[in-house]
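> Input sequences plus hints: build the corresponding full structure.
Taken in sequence, the protein lines are chains A and B. With numbering that gives the first Met the number 0 applied, the first sequence covers 0 to 272. With numbering that gives the first Met the number 0 applied, the second sequence covers 0 to 193.
These aren't lab readings, by the way, just hints derived from the structure by calculation. Warning: the hint list may mix true and false statements.
Computed footprint of chain B on chain A, listed as stretches where at least three residues anywhere in the stretch have a Cβ under 8 Å from a Cβ of chain B [to be verified]: (1) 217-231; (2) 242-254.
Distance ranges between label pairs, derived from CB positions [said to hold, decoys possible]: (3) Asp152/B with Glu27/A: 32 to 40 Å; (4) Ile152/A with Val38/B: 48 to 56 Å; (5) Thr68/B with Arg88/A: 30 to 38 Å; (6) Glu24/A with Asp152/B: 28 to 36 Å; (7) Pro148/B with Lys124/A: 49 to 57 Å; (8) His214/A with Glu41/B: 58 to 66 Å; (9) Gly23/A with Leu186/B: 33 to 41 Å; (10) Glu41/B with Asn262/A: 44 to 52 Å; (11) Cys49/A with Asp152/B: 34 to 42 Å.
One side of the interface only, derived from the structure: several residues of chain A facing chain B at Cβ under 8 Å [what the hints assert, rightly or not]: (12) Ala102; (13) His103; (14) Pro105; (15) Phe106; (16) Val107; (17) Ile111; (18) Thr118; (19) Glu119.
It should be emphasised that the depicted structure is a prediction, and the values quoted were computed from it without experimental measurement. For glycine and all other residues, C-beta sits at the position ideal for the given N, C-alpha and C.
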Amino acid sequence: MIDEWYPVGLFGQIENGWKTALMGEPIEVAFDPGREVKVTSEDGRTLPVCVRYGHVWSSLGKPRKDLFAIPEADQPGRRFVEVGVVRVRCSPLRAVENFLDIAHFPFVHTDILGAEPHTEVHDYKVEIRQDEVWATQVKFYQPQAAKSAAGGITTEYMYRVPAPTCSVLYKTCPPRPGEWDVIALFVQPLAEDLCDVWPWMALFDDVTPMTDLIHFQQTIFLQDRSILENQIPRLLPLDPGMEIPTRADLTSVAYRRWLKRHNYKYGAQLVAQ
Amino acid sequence: MPARTPAGPIALWRSQSGHAAASADRCPHRGMRLSHGFVRGEALSCIYHGWSYARPGNCLRIPAHPGLTPPETIRVATHEVEESGGVIWVAVGEPTIQPPRLEGLAPLRSLTAHAGIAVLEAVVGAKAGPEGLVWQAQNSQEIRLLLVPQEDDHTLIHVLLDEKSSASQRVAASRAIESLRRTAEYLQAKGIAS
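This is the structure we're talking about:
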């Protein structure tokens with residue numbers, strides 16, 4: 000678990016550096032004298048660093064592979080939106096699982112990402128591709144799917160979980176049919192029950208002001224926070240029995256199994272209590 | 000609304016037809032607090048995915064699957080609820096007796112004190128019984144207190160007064176109870192500090 004890459008802040012704010020934490024350990028992020036990004040643990044260790052998707056990434060261990068790829072990050076014509084941070088008093092895994100969920104749209108993001116009576120979740124496909132969780136052919140009726148959407152449309156989604164605390168979603172792009180908007184959630188585990196969530200987007204939208212794009216995403220995520228801070232238990236239960244999934248929860252079921260198979264337990268609860 | 004009993008947190012709600020109900024404060028789907036939910040008709044719905052529950056605790060509807068009749072196994076634990084004289088009583092387990100009838104008393108207000116029951120009893124100078132704590136406060140008529148222990152040494156206090164009390168008597172009792180809270184909180188803090 001310590002060998003994964005985790006987001007630790009926005010590269011755009013590196014100038015003055017900052018202090019934060021990773022899995023309970025205080026760390027410091029700053030430029031070194033040669034203007035290279037340096038992440039240091041409290042005991043003075045220099046930690047691995049990479050800068051990608053607008054964020055600084057680090058690890059308390061030794062990552063065995065590069066940070067996962069998001070090919071759309073290099074696609075011309077996209078606007079990249081660094082939404083900033085939302086601190087949530089919940090397990091990092093609960094934050095990711097909520098991001099993978101569509102059935103809550105009509106109730107939590109009412110009149111934005113969903114609205115009654117359009118609550119039905121149609122069957123979709125879930126599979127493991129190259130050791131990532133993928134959900135495809137996910138369709139849902141949305142009153143205002145994106146800032147650039149004028150009215151209600153049926154949006155198609157694809158979800159992927161390329162790392163235990165990160166998820167990338169692809170959704171119908173209203174101004175450009177045939178392309179996908181990309182919205183990612185990078186979750187920094189501060190502790191097992193506390194995280195900083197860094198949403199990031201790569202959109203085809205040349206019209207909407209950056210502030211509005213950020214506000215839209217922050218509104219959505221603050222609505223999610225009101226849920227995430229009130230789930231019991233705070234840790235994500237990986238064993239069946241404590242919570243009841245339905246067909247609409249297949250992505251969540253696959254995510255929990257995938258975590259368990261990888262023995263990823265940080266922020267998880269293994270035995271029903 | 001959320002409430003707390005010695006058996007744990009509960010979601011307390013009133014159906015459209017006026018029946019009070021109490022269930023465990025956790026939706027079995029994803030663990031969301033049901034006290035954040037909403038009441039429609041005779042059902043309490045979870046705010047996360049809209050799963051709705053009847054007063055006996057069985058799941059009525061899963062909006063993600065409108066055509067599905069939820070199996071009987073999906074349910075929330077419930078508690079027996081009785082209303083009498085303006086007070087809602089929630090049972091822990093299966094009670095063999097009815098809640099006390101507090102004849103001639105009317106509810107005045109509820110408040111939370113950061114003090115334990117023992118401290119409140121010490122300030123009042125009496126012990127709480129099944130019918131609450133009887134307090135003869137200065138500058139007020141007799142006040143009845145129903146004490147419910149909460150988390151972290153907090154106590155929820157329901158205040159009742161003679162139902163024939165005048166407006167000025169109710170104001171006097173309300174001030175007396177504020178003063179009781181301040182004294183008890185002071186003693187509680189001092190007790191912890193010493």
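> Given Ala102/A as an interface hint, is its Cβ closer than 8 Å to any Cβ of chain B?
It holds, given that the least Cβ distance between Ala102/A and chain B is near 4 Å, below 8 Å.
> Using the Cβ atoms, figure out if Cys49/A sits within 34 to 42 Å of Asp152/B.
Given about 48 Å between the Cβ atoms, the range is violated.
> Against chain B, with CB atoms and a cut of 8 Å, does the hint on His103/A hold up?
5 Å, holds
> May I ask you to test the hint 49 to 57 Å on the CB atoms belonging to Pro148/B and Lys124/A?
For Lys124/A against Pro148/B, whose Cβ atoms are near 51 Å apart, the range 49 to 57 Å holds.
> Taking the closest Cβ pair, is Ile111/A under 8 Å from chain B?
15 Å, violated
> How about Val107/A: closest beta carbon in chain B under 8 Å, or not?
7 Å, holds
> Taking the beta carbons of Glu41/B and Asn262/A, is their distance inside 44 to 52 Å?
Given a distance of about 46 Å, which is inside 44 to 52 Å, the answer is holds.
> Hint check: is the beta carbon of Pro105/A less than 8 Å from a beta carbon of chain B?
7 Å, holds
> I want to verify a distance hint. Is the separation of the beta carbons of Ile152/A and Val38/B within 48 to 56 Å?
31 Å, violated
> Three or more residues of the region 242-254 of chain A near chain B by CB distance under 8 Å?
holds (count 6)
> Does the interface hint hold: is Glu119/A within less than 8 Å of chain B, judged Cβ to Cβ?
Status holds, d = 5 Å.
> Could you check the hint for me, namely that Thr68/B and Arg88/A are 30 to 38 Å apart, CB to CB?
36 Å, holds
Of the numbered hints stated above, those contradicted by the structure are hints 4, 8, 11 and 17, listed in ascending order.
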